[in-house]
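Residue strings, one per chain:
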Amino acid sequence: MLPPRDPAAAPVAPAAPTPIALPESCLADLRVGQSATVAGIAAGPLRLRLHELGFVPGARVRLVRRAPLRDPLQVEVCGYHLSLRVSEARGVRVDAVV
Amino acid sequence: MADTASSAAAGTGRTFANAERPVIALAGNPNSGKTSLFNLLTGLNRKVANFPGITVERVVGSTRLPDGRTADVLDLPGSYSLFARSEDERVARNALLGRAAGTPRPDVVVAVADAASLERSLFFVTQLFEVGLPVVIALTMGDIAERRGARVDAGALEEALRVPVVAVHARTGAGLSTLAARLGEATVRTRPFRLPEVAQAAVDSVALTLAARRELPPLARSGEAMRLLLHARKDDPDLKAAGAETQARVEEGRRQLEAARLDREALEAEARYAYARDAVAAARPVASPGPHLSERVDKVLTHPVIGPIVFLAIMGLIFETLFAWSAPLTEYIEEGQAWLQGVVGGWLSDGMLRDLIVDGVIAGVGAVVVFLPQICLLFLFLAILEDVGYLARAAFLIDRVMRGVGLSGKSFVPLLSSFACAIPGIMAARTIESRRDRLVTILVAPFMSCSARLPVYALMIGAFFPAAYGGWALLGMYVLSVTAALVAAWILRATLFRGEASTYVMELPAYRLPAPSQVLAAVVSRGKVFVTQAGTIILAFSIVLWALAYFPRSETIRQEADARIEAGEDADAVEAWASGAQMEQSVMGRMGKAIEPAIEPLGFDWRLGVGLVASFAAREVLVSTLGIVYSVGADADEESVPLRERLQADRRPDGTPTYTWLTALSVMVFFVLACQCMSTLAVVKRETASWKWPLFMFAYMTVAAYLGSLIVYQGGRALGWGG
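For the protein sequence lines, the chains are A and B, in the order given. Numbering-wise (the working numbering), the first sequence opens with residue 1 and increments by one. Numbering-wise (the working numbering), the second sequence opens with residue 1001 and increments by one.
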């Protein structure tokens, strides 16, 4: 997991809004059709790739649907669709958007 | 920092404007329309090879520029990032930096940007700015963006990015001539945004140490320094090669980033996406595009109930096609080969040259060409499904199932295709990006029971199984083949290819109508690659195998045969006997006898041993080889009654039958599990760019076949079967 970051510290990048203190949730927890903003990506081999694909802090994501066997997920990010496994989506921390 | 192409490429003096034969690199995301654009630019006029020593394909074509010059067009592998760690991306980067052996540094880069996913495209395009080459942007998919209510203004984008932006329609070719005309205006840019201060200082400090490396173009130093600082792992070959000074600066820089509480892995992406968002906002009046039309299609095609049904129907259609539709074409080729052998055989006088040409060369070329219908049909289907966007959905639907054996959804189509023939299946595995998954898929694909095994099954079942059990025996072979493939995949994933579960993240591109010209181009180029590259190896093997079965020739046998024909015996029967006798004392016949002790526990005698050696060329050769050994004639086929009868009637010296249904079962199990197909090995060699994997494949499958047969035969004997 990502080392916990002190919210009082200097913001990493101006593009990322300071996360509001909400219960931590991940992309895999979203309901179908629900949107959220990315808060961060857990450490791991996939982290760089997810950043490159547009999962940067502040980016809007939407869970479009689950595959017939509930896994993998279809997700919209930056206006395009991709699919990723539930285990992979657990690494994407999100702030839920109403 | 803007600089036009005419004065760029410092150092060599070579520019796009003055090069006699300029090199254009085409770079972009997968599914961005890059390949369509390449096809439009180059027609079917291309060379496909691997980059030296690796499996990544290097595709070069040529095009005529408006000023009359001919330019080479290099189609770089589609990728989402230039600075990431995958092999494809490293290849693209090295080619752009002029570090790929045998590939000259491009003079200009055409960066393909997809208007429908513009932010992600610009992430990659701005990375292309950092290799120090003049860039022109080709803006594709404008129609899709427009349908979603988010038209992109190419002029405004050009103003924001300060490089030429040309809207092109990759299907119709609209805009292509403008693109060609504006290549000369391509602009050299550097990183268009600033990193946070600490990071920028660290990048600059690393970049200074790279100045001594002359193979790195000066304008590419900062980008390479950033990559080494932010993304390179300890085992990165370029970081290792950069020397102690650079490594020390990288270490120091990373400590500084940590001290400043900067997220090293995230900061490039955050800054780049922030820049991309601003550029998009300037060029697109609508803040965010409306919903994909594709979403409505997906509602059906990935529906929990309808989705799997459509999936099975499409897979069934592919399977049926490869099996049934290709059969008449394959037959034509076989008939054509026989006809050619007859004609050429008639021209040449009897002797070694005739035998070499007829039975070695023509038969060898035939062995290559006979696979073409299945390869072309499979690639026709795959190209259509990929072009439409369905292939990604198929992987999406089946991924959960494939994960059970450690593979992903992307392995499904290659494995299914291998039921028809492992060769197109193995070639289809190139759609799998994960190297580990791709290798495992390639290594287990030949277990899937291909159509070349059918003649063997038909002969053995026809001769030794009562009609009522024949169908069950055949079904059993298919079940065994699937089980073997899945178990092997599971074992390989747990041993040689261990490591974290394969990553699956995959784009689901918008659905589109397929473009016939693109589909055709894909089929032609695949077929060409197979014939030229695998074909040469297959031909060489065929000639070697022919020689093994031909030499040495025995004069005594020839003289005896001539004497018997003169004495009035039936000439055909005597010739059949003579070729059997010649085969028996040839190198291959001796090999059959030499391996007899080893294969005896499987229930095989030396004649089956000869069949095994000969069928290394191709499985179905077993039937004609047994025909020769049993003096039935070389044109014996699986329906041939005399051959069946000879097999049934054959007796050991002690009077017991040589073959029983248990022997037949043992033979079939051996043929399910063994890699008796040089064409497959040749294709694996091509696809993995090394002899290591085909040799490994041959070895482990042969061991599996031996053990499988041994268990069946000895187990069956212990139970008192087949006595």
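One or more of the hints may lead you astray.
[What the hints assert, rightly or not] Have a look at the derived ranges for each label pair, beta carbon to beta carbon:
{"id": "1", "chain 1": "B", "residue 1": "1182", "chain 2": "A", "residue 2": "70", "range": "46 to 52 Å"}
{"id": "2", "chain 1": "B", "residue 1": "1177", "chain 2": "A", "residue 2": "33", "range": "21 to 27 Å"}
{"id": "3", "chain 1": "A", "residue 1": "43", "chain 2": "B", "residue 2": "1291", "range": "30 to 36 Å"}
{"id": "4", "chain 1": "B", "residue 1": "1243", "chain 2": "A", "residue 2": "34", "range": "46 to 52 Å"}
{"id": "5", "chain 1": "B", "residue 1": "1069", "chain 2": "A", "residue 2": "70", "range": "25 to 31 Å"}
{"id": "6", "chain 1": "A", "residue 1": "34", "chain 2": "B", "residue 2": "1265", "range": "23 to 29 Å"}
{"id": "7", "chain 1": "B", "residue 1": "1695", "chain 2": "A", "residue 2": "44", "range": "31 to 37 Å"}
{"id": "8", "chain 1": "A", "residue 1": "43", "chain 2": "B", "residue 2": "1162", "range": "24 to 30 Å"}
{"id": "9", "chain 1": "A", "residue 1": "70", "chain 2": "B", "residue 2": "1641", "range": "22 to 28 Å"}
{"id": "10", "chain 1": "B", "residue 1": "1536", "chain 2": "A", "residue 2": "33", "range": "52 to 58 Å"}
[Claimed, not checked] On the chain A side, residues computed to face chain B include the following (Cβ under 7 Å):
{"id": "11", "residue": "26"}
{"id": "12", "residue": "32"}
{"id": "13", "residue": "34"}
{"id": "14", "residue": "79"}
{"id": "15", "residue": "81"}
{"id": "16", "residue": "83"}
{"id": "17", "residue": "84"}
{"id": "18", "residue": "86"}
{"id": "19", "residue": "95"}
{"id": "20", "residue": "97"}
Simulated from the structure, these hints should not be mistaken for laboratory data. Keep in mind the model is a prediction, meaning the values are calculated, not measured. Don't be surprised by glycine CBs; every beta carbon is placed ideally from N, CA and C.
Do the hints match the structure? See the list:
{"no.": "1", "hint": "B:1182 with A:70: 46 to 52 Å", "verdict": "49 Å, holds"}
{"no.": "2", "hint": "B:1177 with A:33: 21 to 27 Å", "verdict": "44 Å, violated"}
{"no.": "3", "hint": "A:43 with B:1291: 30 to 36 Å", "verdict": "33 Å, holds"}
{"no.": "4", "hint": "B:1243 with A:34: 46 to 52 Å", "verdict": "50 Å, holds"}
{"no.": "5", "hint": "B:1069 with A:70: 25 to 31 Å", "verdict": "56 Å, violated"}
{"no.": "6", "hint": "A:34 with B:1265: 23 to 29 Å", "verdict": "27 Å, holds"}
{"no.": "7", "hint": "B:1695 with A:44: 31 to 37 Å", "verdict": "35 Å, holds"}
{"no.": "8", "hint": "A:43 with B:1162: 24 to 30 Å", "verdict": "36 Å, violated"}
{"no.": "9", "hint": "A:70 with B:1641: 22 to 28 Å", "verdict": "56 Å, violated"}
{"no.": "10", "hint": "B:1536 with A:33: 52 to 58 Å", "verdict": "55 Å, holds"}
{"no.": "11", "hint": "26", "verdict": "15 Å, violated"}
{"no.": "12", "hint": "32", "verdict": "11 Å, violated"}
{"no.": "13", "hint": "34", "verdict": "15 Å, violated"}
{"no.": "14", "hint": "79", "verdict": "5 Å, holds"}
{"no.": "15", "hint": "81", "verdict": "4 Å, holds"}
{"no.": "16", "hint": "83", "verdict": "5 Å, holds"}
{"no.": "17", "hint": "84", "verdict": "5 Å, holds"}
{"no.": "18", "hint": "86", "verdict": "9 Å, violated"}
{"no.": "19", "hint": "95", "verdict": "16 Å, violated"}
{"no.": "20", "hint": "97", "verdict": "14 Å, violated"}
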